[in-house]
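Line by line, the protein sequences give chains A and B.
Going letter by letter, the first sequence gives residues 2 to 99 in this note's numbering.
Going letter by letter, the second sequence gives residues 233 to 736 in this note's numbering.
Since the hints were derived computationally from the structure, they do not count as laboratory data.
Predicted model, so just to flag it, every value in this text is computed and none were measured.
Don't take every hint at face value.
Unchecked claim - Pair by pair, the computed Cβ-Cβ distance ranges are:
1) A:Val85 <-> B:Leu633: 33 to 39 angstroms
2) A:Leu67 <-> B:Phe247: 21 to 27 angstroms
3) A:Ser94 <-> B:Asn262: 33 to 39 angstroms
4) B:Gln608 <-> A:His89: 29 to 35 angstroms
5) B:Gly428 <-> A:Leu67: 53 to 59 angstroms
6) A:Ser93 <-> B:Leu633: 16 to 22 angstroms
7) B:Lys348 <-> A:His88: 17 to 23 angstroms
Stated by the list, open to error - Listed below are several chain B residues computed to face chain A (Cβ distance under 10 angstroms; list not exhaustive):
8) Arg297
9) Val299
10) Ile300
11) Trp303
12) Gly304
13) Ile381
14) Ala387
15) Ala388
16) Leu411
17) Phe418
18) Ile420
19) Leu430
20) Met433
21) Gln434
22) Leu633
23) Pro634
All C-beta atoms, glycine included, are put in the ideal place defined by N, C-alpha and C.
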Amino acid sequence: MTSALLYAIAGLALFAIGFFGVVVASHVMRKILALNVMGVGIFMFLIACAKRNPLVVDPLPHAMVLTGIVIAVAGTALALNLMVRIHHIDQSSQEQSK
Amino acid sequence: MNELSSSLLLPAIVFLPLLAAIIAFLIGRNQLQGRINICFSLAQFLLVVLTTLLFLHEQTYQSERYVIGGWGAPLGIDLIVDGFSILMIALTGLLTLLITLYSASYFSDKYSASEKSLRFWPLWWLLISGLNALFMSADAFNIYVCLEIIGLSAAALVALQGSRAALEAALRYLLVGLLGSLFYLFAIAILYRSHGTLDLMQIAETANHSFPDKVAMILITIGLLLKIALFPLHFWLPPAHANAPTPVSAILSALVVKASLYILIKFWFDVLGATITLGASQMLGALGGAGIIYGSWCAFRATQLKVLIAYSTVAQLGYIFLLFPLSEYSMGVSSFTGSASQAAVYFIVAHACAKAAMFLAAGNLILAQGNGEIAQLKGIAVREPLNVLVFAVAGISLIGLPPSAGFIAKWLLLTTAIESGQWWWVIVVIIGGLLGAMYLFKVLSLAFSTDPAVVESPTSKSTPQVSNVMTTVALILALITLALGFNAEFILNISNTVSEVSGI
Numbered sequence: 002m003t004s005a006l007l008y009a010i011a012g013l014a015l016f017a018i019g020f021f022g023v024v025v026a027s028h029v030m031r032k033i034l035a036l037n038v039m040g041v042g043i044f045m046f047l048i049a050c051a052k053r054n055p056l057v058v059d060p061l062p063h064a065m066v067l068t069g070i071v072i073a074v075a076g077t078a079l080a081l082n083l084m085v086r087i088h089h090i091d092q093s094s095q096e097q098s099k
Numbered sequence: 233m234n235e236l237s238s239s240l241l242l243p244a245i246v247f248l249p250l251l252a253a254i255i256a257f258l259i260g261r262n263q264l265q266g267r268i269n270i271c272f273s274l275a276q277f278l279l280v281v282l283t284t285l286l287f288l289h290e291q292t293y294q295s296e297r298y299v300i301g302g303w304g305a306p307l308g309i310d311l312i313v314d315g316f317s318i319l320m321i322a323l324t325g326l327l328t329l330l331i332t333l334y335s336a337s338y339f340s341d342k343y344s345a346s347e348k349s350l351r352f353w354p355l356w357w358l359l360i361s362g363l364n365a366l367f368m369s370a371d372a373f374n375i376y377v378c379l380e381i382i383g384l385s386a387a388a389l390v391a392l393q394g395s396r397a398a399l400e401a402a403l404r405y406l407l408v409g410l411l412g413s414l415f416y417l418f419a420i421a422i423l424y425r426s427h428g429t430l431d432l433m434q435i436a437e438t439a440n441h442s443f444p445d446k447v448a449m450i451l452i453t454i455g456l457l458l459k460i461a462l463f464p465l466h467f468w469l470p471p472a473h474a475n476a477p478t479p480v481s482a483i484l485s486a487l488v489v490k491a492s493l494y495i496l497i498k499f500w501f502d503v504l505g506a507t508i509t510l511g512a513s514q515m516l517g518a519l520g521g522a523g524i525i526y527g528s529w530c531a532f533r534a535t536q537l538k539v540l541i542a543y544s545t546v547a548q549l550g551y552i553f554l555l556f557p558l559s560e561y562s563m564g565v566s567s568f569t570g571s572a573s574q575a576a577v578y579f580i581v582a583h584a585c586a587k588a589a590m591f592l593a594a595g596n597l598i599l600a601q602g603n604g605e606i607a608q609l610k611g612i613a614v615r616e617p618l619n620v621l622v623f624a625v626a627g628i629s630l631i632g633l634p635p636s637a638g639f640i641a642k643w644l645l646l647t648t649a650i651e652s653g654q655w656w657w658v659i660v661v662i663i664g665g666l667l668g669a670m671y672l673f674k675v676l677s678l679a680f681s682t683d684p685a686v687v688e689s690p691t692s693k694s695t696p697q698v699s700n701v702m703t704t705v706a707l708i709l710a711l712i713t714l715a716l717g718f719n720a721e722f723i724l725n726i727s728n729t730v731s732e733v734s735g736i
């Protein structure tokens with residue numbers, strides 16, 4: 002078993018764990034984190050793909066991972082923002098009811 | 233004859249909305265905002281018309297390819313169009329023009345807080361740019377980026393309303409979209425590992441019945457079905473489409489779900505067609521059938537007008553999935569050719585126009601009425617005759633009655649089902665049509681019922697609320713829906729070229 006294969010399997014496992022979290026978690030924050038774990042799993046799998054040839058490293062997966070990270074940051078930021086705004090609305094409506 | 237070919241215009245179609253997004257962001261809120269955006273939508277429309285005409289004029293119906301920066305695949309990223317994608321791009325251009333006209337009125341000071349229009353336009357153009365880029369992308373990873381651009385801007389547009397329900401719907405929409413995209417990305421990683429390229433055509437050349445390709449196809453299907461909202465993965469769609477501002481609801485139902493559908497069709501029939509089994513396509517058909525029945529039933533039970541229309545989208549998407557098993561059966565091997573593909577393409581176009589018209593008309597009715605309760609619509613036909621007419625015409629197309637685009641679409645669907653000997657889909661289509669008639673006539677009969685108490689209520693205060701532009705745009709879309717029913721040949725001819733080209 003090469004180290005690249007080990008990383009690929011670990012990436013697969015992370016993807017599965019993250020997916021489990023997205024489905025099972027009840028709190029939105031946990032769901033967002035679980036989505037990020039899924040993303041990291043895919044990125045790890047991609048990086049493991051870069052080492053198909055023992056002599057040279059394929060740069061394309063790295064470019065994909067970089068782009069993927071940027072997209073993940075944007076998605077996470079938007080999700081967190083929406084979550085916080087829902088939280089604020091809930092808080093202010095609770096205060097009003099008091 | 234001339235040097236200008238349609239492929240040279242492809243980058244401009246993506247770039248122009250992107251430019252519009254940046255300019256809309258920079259100029260912020262000022263008096264010219266609406267006009268500048270209308271100018272951009274006109275320019276965009278002319279560009280798309282020019283590209284379409286050039287594409288048709290070239291007569292080759294070969295896939296037009298543009299190599300970005302001179303770096304060909306597999307190193308670079310290519311843009312490519314065939315008959316199907318040029319049709320989707322033309323549809324996007326048309327709906328962009330009309331809905332931009334509508335939005336310029338909808339987001340003027342009369343109807344909404346100034347904050348909203350400030351945020352709407354950049355996101356709107358970003359969404360259009362993403363859609364255009366998606367329809368011409370020939371690179372699997374580029375498609376992922378486009379899906380995320382569409383998903384992020386669409387979720388932000390849903391949240392524009394600012395109410396708790398809208399925010400929650402947007403958050404759920406965003407999370408589901410991200411989950412779907414991650415499934416897709418994982419499939420791309422697997423494909424890259426086994427094929428060593430991201431170019432769709434190069435993947436198609438080496439695709440086979442191997443295990444990694446099958447896993448990739450399953451992941452792509454699950455991920456995109458989540459985004460398309462095929463039953464039972466539709467749970468996020470009704471709240472998202474119902475709580476969004478009206479122009480956003482229209483584009484979400486008309487085009488954004490179709491974008492994921494376009495990618496699924498592309499992978500299912502062109503790129504990874506070798507991995508498809510008869511059972512898998514029958515299963516998709518069965519889910520589509522269940523979606524028709526369930527979506528129509530929920531639409532019938534809905535108490536809010538926009539929720540009704542959103543569930544109707546769930547049902548209508550089911551019809552398109554009936555074409556997956558039909559297509560496979562008719563060819564022996566899976567390929568997006570023949571009458572099934574024509575029916576699918578025509579159905580997508582017909583539904584996009586009818587559903588956009590319906591959402592815009594419903595938005596006008598809700599503005600005139602003050603709220604979205606269906607029960608409150610009693611007697612509204614007296615005050616808003618044109619908008620009710622648009623709603624009725626769009627409804628006729630969705631049910632599939634002649635003379636409308638929806639009738640032709642269903643006719644093609646039924647004949648394909650009978651020709652291929654899969655008669656059981658005919659029953660589903662007929663039940664779906666009846667249920668569709670049930671929920672749409674429920675609204676119409678309420679709208680036309682004359683309740684003296686309602687008619688006598690002061691109409692002067694609510695009537696002028698809906699501007700003429702907004703009614704006219706909805707009317708134009710309804711007329712297009714009718715015109716498509718009379719000029720079916722035109723669409724079918726373009727989609728016919730799909731079948732000649734798509735056999736990669």
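Taking the earlier hints as the rules, which of them does this structure contradict?
Violated hints (numbers, rising): 1, 5, 6, 8, 9, 10, 11, 12, 20, 21, 22, 23; every other hint is consistent with the structure.
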